[in-house]
Amino acid sequence: MPEGVGYEEACRETGVAYRTFRRGRGYAAWRIWFDQVGVQQIAREFRADVLYTMGNLGPIRPQVPHVILFHNPYYIYDWDGVEDRLSAWERFLFSGQRTLFARSLPRAATVIAQTPVAERRLAARFGVPAGRLAVVPNAVSLDHLQAAGNDPAGGRADACRRWCGTAARADAVPLLSAQEPGADPRRGRRAPCAPRGGDHLLPDHRGGPAPGRGAPPGRGGAARAG
Numbered sequence: 001m002p003e004g005v006g007y008e009e010a011c012r013e014t015g016v017a018y019r020t021f022r023r024g025r026g027y028a029a030w031r032i033w034f035d036q037v038g039v040q041q042i043a044r045e046f047r048a049d050v051l052y053t054m055g056n057l058g059p060i061r062p063q064v065p066h067v068i069l070f071h072n073p074y075y076i077y078d079w080d081g082v083e084d085r086l087s088a089w090e091r092f093l094f095s096g097q098r099t100l101f102a103r104s105l106p107r108a109a110t111v112i113a114q115t116p117v118a119e120r121r122l123a124a125r126f127g128v129p130a131g132r133l134a135v136v137p138n139a140v141s142l143d144h145l146q147a148a149g150n151d152p153a154g155g156r157a158d159a160c161r162r163w164c165g166t167a168a169r170a171d172a173v174p175l176l177s178a179q180e181p182g183a184d185p186r187r188g189r190r191a192p193c194a195p196r197g198g199d200h201l202l203p204d205h206r207g208g209p210a211p212g213r214g215a216p217p218g219r220g221g222a223a224r225a226g
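Here the numbering used here is used: the first residue of the sequence shown is 1, the next is one more, and so on.
Simulated from the structure, these hints should not be mistaken for laboratory data.
Source: prediction; values computed, not measured.
Please note that the accuracy of each hint is not assured.
Cβ pair distances, simulated, as ranges [claimed, not checked]:
1. Gly26 with Ala130: 37 to 47 Å
2. Tyr7 with Asn72: 12 to 22 Å
3. Arg132 with Arg25: 33 to 43 Å
4. Arg103 with Tyr52: 13 to 23 Å
Where a beta carbon is used, it is the ideal one built from N, C-alpha and C, also for glycine.
Work the whole structure out from these sequences, hints included.
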């Protein structure tokens, strides 16, 4: 798993053995080798019963049941109007990724989408049977966030803020869930996350817009990630 994005903490707390890697030069080419060869070697070393890949790609011929987490929209949308803005390298890279993804699907035990729209598009574009598709929305465990309190040095909320690019308040993430219609802020329900640069959408501890940041015209409530 990639280093420094929060997975290490979760593994340490649950006692799960793990190995990390850093992204450096030549990452795109290295990633192809890693998905097809390196992951298989590590799975054998750990004597894995199930292989769960969180980055869309995985081995074409897995040796154990394979679960893929899908979250790259450019695999399931046409590139009309966008392709001419990509460099030759980007077109080659994205096309290659989509091809490898398609070739890994027939042997995948389950493909997890994060929205019903992605689920439908995976079925339509790649022919993934409904019985091998599942929808698991992004979520934040409020129990874990609140257990960390407002300590920005060691709390999970801080890690979530760094990843999502949200405001510096440790109580902003739980309050986003409270703004979601029908959501129970006491439970780990799906919490919408503000896009990068959307700090003005975050409520303060009183539930209103963040101090000094008025809500943008025509918008109300929490931001939704598309």
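Against the earlier hints, flag every one the structure doesn't satisfy and list their numbers going up. Violated hints: none at all, because every hint is consistent with the structure.
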